[in-house]
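Engineer: Given chain A, put chain B in place with the hints provided.
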Amino acid sequence: MVYASSSSKRFSDSAGETLPLLAYLILASALMLTDHSMNLGPQARKQLSVVIEPLWWLASLPSRMWTGVDDELATRQALQDSNERLERELQIVNARMQRMSAINDENQRLRDLLNARRNGSLQVQMVSILDVDLNPYRQRIVLNAGSRQGVKVGQAIMDAGGILGQIIEVTDTKATALLVTDADHAIPVQVARSGFRGIAFGTGEPDSLLISDIPQSADIRKGDLLVTSGMGGRFPAGFPVATIQSLSPNDTGLFMVGKAKPAARLDRGLEVLLVNEIIPSPPTPKPKPVIAPKTTPVTAPETVIEKDRKKTP
Amino acid sequence: MMRQSSTLMRTITLWLGLLFQIIPLPSGLDLARPYLLALFLCYWCLEAPEKTGLGTAFFYGLLSDLFSGGLLGEQALRLVILAFLVSRFRARLRFFPLWQQALAVFALLLNDRLIMSLLHWLVNDHGLSWVAWLSPVLGMFLWPWLFVGIDMLRLRAREKN
Chain A
3 MVYASSSSKR FSDSAGETLP LLAYLILASA LMLTDHSMNL GPQARKQLSV VIEPLWWLAS
63 LPSRMWTGVD DELATRQALQ DSNERLEREL QIVNARMQRM SAINDENQRL RDLLNARRNG
123 SLQVQMVSIL DVDLNPYRQR IVLNAGSRQG VKVGQAIMDA GGILGQIIEV TDTKATALLV
183 TDADHAIPVQ VARSGFRGIA FGTGEPDSLL ISDIPQSADI RKGDLLVTSG MGGRFPAGFP
243 VATIQSLSPN DTGLFMVGKA KPAARLDRGL EVLLVNEIIP SPPTPKPKPV IAPKTTPVTA
303 PETVIEKDRK KTP
Chain B
1395 MMRQSSTLMR TITLWLGLLF QIIPLPSGLD LARPYLLALF LCYWCLEAPE KTGLGTAFFY
1455 GLLSDLFSGG LLGEQALRLV ILAFLVSRFR ARLRFFPLWQ QALAVFALLL NDRLIMSLLH
1515 WLVNDHGLSW VAWLSPVLGM FLWPWLFVGI DMLRLRAREK N
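Heads up: the protein sequence lines correspond to chains A and B, in order.
Anchor point for the first sequence: position 85 equals 87 in the numbering used here, and the numbering is continuous, going up by one each time.
Anchor point for the second sequence: position 69 equals 1463 in the numbering used here, and the numbering is continuous, going up by one each time.
Bound-form chain B, shown alone:
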């Protein structure tokens, strides 16, 4: 029962992440859109590693590519790399204090942006505007709230059961 509710919550949060990728923001700000999908994926890689792996990352990345009309496979690649890094350093990341974890998440998101700009450069697109680099910073500030928020929701669900 507990496991089921956790799975449900994982699916819901990841789909929220997908939705957030295409919700209209004021123009100019849309480049700095925090990568919520990556944050949620990061959370579930840390908390439920036996169910969230590279396959999940690939699947949701591909979905996000489909929804946002980008190059098919771009976000899949980025999220797979992110999930791999998180699962690799999971033992350490889990026991970091929250602020240190947020810094690590910032590094992960920054790495993600670097991969993205590399990919854009490869397919001959023009470079990223400076606003795009605000996204990891926003992600870092969002991380503690997301982490504590989902933790509380899960705790409540567990108590109910």
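Bound-form chain A, shown alone:
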């Protein structure tokens, strides 16, 4: 009798737990399905940004405090050294820019002769990265600017090395960017040397991109620089994306697969450039005056750079 009652109690206990379990499992699965097919996550995060952003801020606190302490402890000598180095670099960059602007003007004149419409300058905005680890199985970063700063979904971001990725989610004060190395990312590219076009896919690993289905006859080799081709209109043309590291035949042997190393140098705590819409410059017959580098402070939040930046041989 005792046994029977205890067993029945245990049975009712487990039944009482199993039903809610099933309910929760079904609920969670339904959520995953809707998120997977309808992209519920970004909307939910946008609605709940009041809760989410404080925790993100809190999580990024240790690294920010560390940089603060690091700045405090920098010695006078180290600061002087870095100042000198930066000034030297600025000189070199200025010299290069003078030459570049001459080339750019020439380029512009040639384009005008051809009636090409690919002119105009880009507006970029400097944005800092919020040091937060999102789901480590995807390559993403959180930026410290949102729709209030004019950030929109689809904007390209880049750093001093090259194209970094694009914005996929925006809340009022934060934005999430998908990096070119994410497995879901693809970017139209072009070999800078030969003009061969292709698409570079992310692999999910932070240091490699994949270019698939390259014809055997294509003019592409190891060490080639891949730049954005500007096709699709999302990324401005002519910015470095990656360098080809190896080429190998694919499974069928009819095409080749290239592995490339991303050009962008993503270091934590650095700032990135957010590319605003391309503003078509008015067709002026006279070459535009060169932007004097001295009048543009390095820390200016908005800087105008020329669009047709190409790597010089």
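The hints are simulated quantities; they were obtained by calculation from the structure and are not laboratory data.
Mixed in with the good hints there might be a few duds.
What the hints assert, rightly or not - Here are a few chain B residues that face chain A, going by a calculated C-beta distance under 8 Å:
hint, residue
1, 1416
2, 1417
3, 1421
4, 1460
5, 1464
6, 1466
7, 1482
8, 1483
9, 1485
10, 1487
11, 1491
12, 1509
13, 1551
We treat Cβ as the ideally placed atom computed from N, Cα and C, and that holds for glycine.
Structural biologist: Using the frame of chain A, we list chain B on its own:
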């Protein structure tokens, strides 16, 4: 009063678990991040089962999904399963010696990783890297410290009252 302080501590620890999920770690190491949220949830399922159930697990799992930008509902599902297993074997787990408990927690976390890799496989993601499987091991080593630590804090709060 005592009950209130316990509830407060539960909320704080679980939110710490949420925070720990997104605190930046050196790259490479972030895959081996111990699942503190699951450990805390496990503790409260063992110690305060009348208040910590599947609903709590679902709620905090969903929050963690929101914060870390993963698939909505993934961690909710994993934590619900974990909470169910803990409450099912609670009577036995509670009276295990600490090291044996740690082994059981390791098994729970390993099971959690298996579910996770299954889910990733289902949504067509690539598999988990080997570093990800270090996470349950780290969780196992953390468990005794967490358990004793929270127990001591609770004891102190009780004495104060």
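Engineer: Please go over all the hints and tell whether each is borne out by the structure.
Structural biologist: Structure-based check of all given hints:
Here the hint on residue 1416(B) is kept, as its CB sits about 5 Å from the closest CB of chain A, short of 8 Å. Interface restraint check: residue 1417(B) against chain A, minimum CB-CB distance 5 Å, threshold 8 Å, status holds. At its closest, the beta carbon of residue 1421(B) sits 7 Å from a beta carbon of chain A; the interface hint therefore holds under the 8 Å criterion. Annotation: residue 1460(B) was flagged as interfacial toward chain A, and the flag holds, the nearest CB pair being 6 Å apart, inside 8 Å.
The interface hint given for residue 1464(B) holds, since its Cβ lies 4 Å from the closest Cβ of chain A, which is under the 8 Å cut-off. For residue 1466(B), the interface hint holds, the least distance from its beta-carbon to any beta-carbon of chain A being 4 Å, beneath 8 Å. Because the beta carbon of residue 1482(B) sits about 7 Å from the nearest beta carbon in chain A, less than 8 Å, this interface hint is met. Against a cut-off of 8 Å between C-beta atoms, the interface hint on residue 1483(B) is violated, since the closest Cβ of chain A lies about 12 Å away.
Given the 8 Å rule on beta carbons, the hint for residue 1485(B) is violated: about 10 Å separates it from the nearest Cβ of chain A. Checking residue 1487(B) against chain A by beta carbon gives a least distance of about 15 Å; that is not within 8 Å, so the hint is violated. Taking 8 Å as the C-beta contact cut-off toward chain A, the hint placing residue 1491(B) at the interface is violated, the least distance being around 25 Å. The closest approach between the C-beta of residue 1509(B) and any C-beta of chain A is roughly 11 Å, which is over the 8 Å cut-off, so the hint fails.
Interface restraint check: residue 1551(B) against chain A, minimum CB-CB distance 24 Å, threshold 8 Å, status violated.
Checked against the numbered hints above, the structure violates hints 8, 9, 10, 11, 12 and 13; every other hint is satisfied.
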